[in-house]
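Taken in order, these protein sequences are the chains called A and B.
According to numbering that gives the first Met the number 0, numbering within the first sequence proceeds without interruption in unit steps and concludes at 168.
According to numbering that gives the first Met the number 0, numbering within the second sequence proceeds without interruption in unit steps and concludes at 168.
Keep in mind that a hint or two might mislead.
If chains are identical, the list can't say which one is meant, so a pair holds when it fits in one copy or spans any two.
What the hints assert, rightly or not - Using 30 Å as the maximum straight-line C-alpha spacing, the simulated DSS-like pairs for lysine-lysine come out as follows:
id: 1; residue 1: Lys113; residue 2: Lys166
id: 2; residue 1: Lys113; residue 2: Lys33
id: 3; residue 1: Lys34; residue 2: Lys113
id: 4; residue 1: Lys160; residue 2: Lys113
id: 5; residue 1: Lys94; residue 2: Lys33
id: 6; residue 1: Lys65; residue 2: Lys33
id: 7; residue 1: Lys94; residue 2: Lys65
id: 8; residue 1: Lys25; residue 2: Lys113
id: 9; residue 1: Lys25; residue 2: Lys166
id: 10; residue 1: Lys94; residue 2: Lys160
id: 11; residue 1: Lys65; residue 2: Lys34
id: 12; residue 1: Lys94; residue 2: Lys25
id: 13; residue 1: Lys113; residue 2: Lys65
id: 14; residue 1: Lys160; residue 2: Lys25
id: 15; residue 1: Lys113; residue 2: Lys94
In short, the hints are calculated from the structure, not lab data.
Protein chains: 2
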Amino acid sequence: MSISMYQASVPSLIRFINNLIVILEKGAVYAEAKKIDPTVLINTRLYPDMFHLGRQIQIVSDVARKGVARLAGVEAPEVEDNETTFPELIDRLQKTITYLETFTPEQIDGSEEKPITLPIGNERMTFAGLPFLLNFILPNVYFHITTTYAILRHCGVELGKLDFLGKIS
Amino acid sequence: MSISMYQASVPSLIRFINNLIVILEKGAVYAEAKKIDPTVLINTRLYPDMFHLGRQIQIVSDVARKGVARLAGVEAPEVEDNETTFPELIDRLQKTITYLETFTPEQIDGSEEKPITLPIGNERMTFAGLPFLLNFILPNVYFHITTTYAILRHCGVELGKLDFLGKIS
């Protein structure tokens, strides 16, 4: 028995992006209930030189979209970073899921050793597909989902870890 | 080609717990440089009913230790939650790595469909090994590492995402 690159990537990414949508929906409901301008939450950052909530969502979308596309050896569509509302951010995540759903196991499986080159800072670096998935795509996506969660929690939104994990099955 | 349950678990957990140790070391250096009592950082939380930094570290250790043990079908040693300093928290993480290093691929591989039962809230729930790894252990560990990072960043410690990701290879 063993697991495939597809199994270890697309289903979990879709699952956690769906959980992130629920987290954002709770943020939107909270803003409305507390009469807080939603753009205040979207522009909140945990420190002045950290990214605000809206940017966290854009990065989740970019890492998941481009990461899976690189494993499959295709070019991910560019997406403009212009969302300013919760519905727009949620729409971006929903479109990201729709894009991820277009990939078949055949496109991703077997990419364990595929060389993946990507720009990091000013350099171009090359990794094999397996460490790229396990040590870059997945932790990076979880990093920005968790930071979104942390920003909203810090602003008082009532979230629990099960909102992040979703129903485990 | 395919990947194994061991490949998808132990090496990445060790890698990111090592990155977390570096993050804590930077927190300790910052406290000393700014003449901040380190226990202030360790007791910082992003919202009153969230866990403080010290507890985040204990949970990283618990989820990684018990998670991998469950995949292998063995009982993880209990560890007392009594750390109050950066060196003690780092020591706990180092011991966690030492424990993870004792597992061989033979102990973990083939656990994709192994039923894993664990307490969640007041219930006992059962999952198969593969979703337990991909949708519980890994995201949960990354969640608490990221929250630690976010707490320290929020307190002014100069960290960047490469501290979280480490050197990708």
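We went through each hint and held it up to the structure:
1. In the homo-oligomer, the alpha carbons of Lys113 and Lys166 lie at most 30 Å apart only across protomers (19 Å), although the nearest pairing inside one protomer, at 33 Å, exceeds that limit.
2. Taking the shortest alpha-carbon separations for Lys113 and Lys33, neither the intra-copy value of 49 Å nor the inter-copy value of 46 Å comes in at or below 30 Å.
3. With identical chains, the CA atoms of Lys34 and Lys113 are never at most 30 Å apart, being 50 Å at best within one copy and 48 Å at best between copies.
4. Taking the closest pair of Cα atoms, Lys160 and Lys113 come within 30 Å of each other only across two copies (25 Å); inside a single copy the shortest separation is 35 Å, beyond that limit.
5. Taking identical chains as interchangeable, the C-alpha atoms of Lys94 and Lys33 lie at most 30 Å apart only when both belong to the same chain, with a minimum of 29 Å there against 45 Å between chains.
6. Proximity of Lys65 and Lys33 under a CA criterion of 30 Å is satisfied in neither setting, with 36 Å inside one chain copy and 40 Å between copies.
7. Taking CA atoms no more than 30 Å apart as the test, Lys94 paired with Lys65 passes inside one copy only; the shortest distance there is 13 Å, against 36 Å between copies.
8. Proximity of Lys25 to Lys113 under the C-alpha cut-off of 30 Å is found in neither arrangement, the shortest distances being 39 Å within a copy and 35 Å between copies.
9. In this homomeric assembly, Lys25 and Lys166 come within 30 Å of each other (Cα to Cα) only inside a single copy, at 17 Å, whereas the closest approach across copies is 35 Å.
10. Taking CA atoms no more than 30 Å apart as the test, Lys94 paired with Lys160 passes in both settings, with 25 Å inside one copy and 26 Å between copies.
11. Proximity of Lys65 to Lys34 under the C-alpha cut-off of 30 Å is found in neither arrangement, the shortest distances being 36 Å within a copy and 43 Å between copies.
12. In this assembly of identical chains, Lys94 and Lys25 lie within 30 Å of each other by CA distance solely inside one copy; the values are 19 Å within and 38 Å between copies.
13. Taking the shortest Cα distances, Lys113 and Lys65 sit within 30 Å of each other inside one copy (15 Å), while across copies they are farther apart (32 Å).
14. Taking the closest pair of Cα atoms, Lys160 and Lys25 come within 30 Å of each other both inside a single copy (13 Å) and across two copies (27 Å).
15. In this assembly of identical chains, Lys113 and Lys94 lie within 30 Å of each other by CA distance solely inside one copy; the values are 26 Å within and 34 Å between copies.
Consistency with the previously given hints fails for numbers 2, 3, 6, 8 and 11, ordered from lowest to highest.
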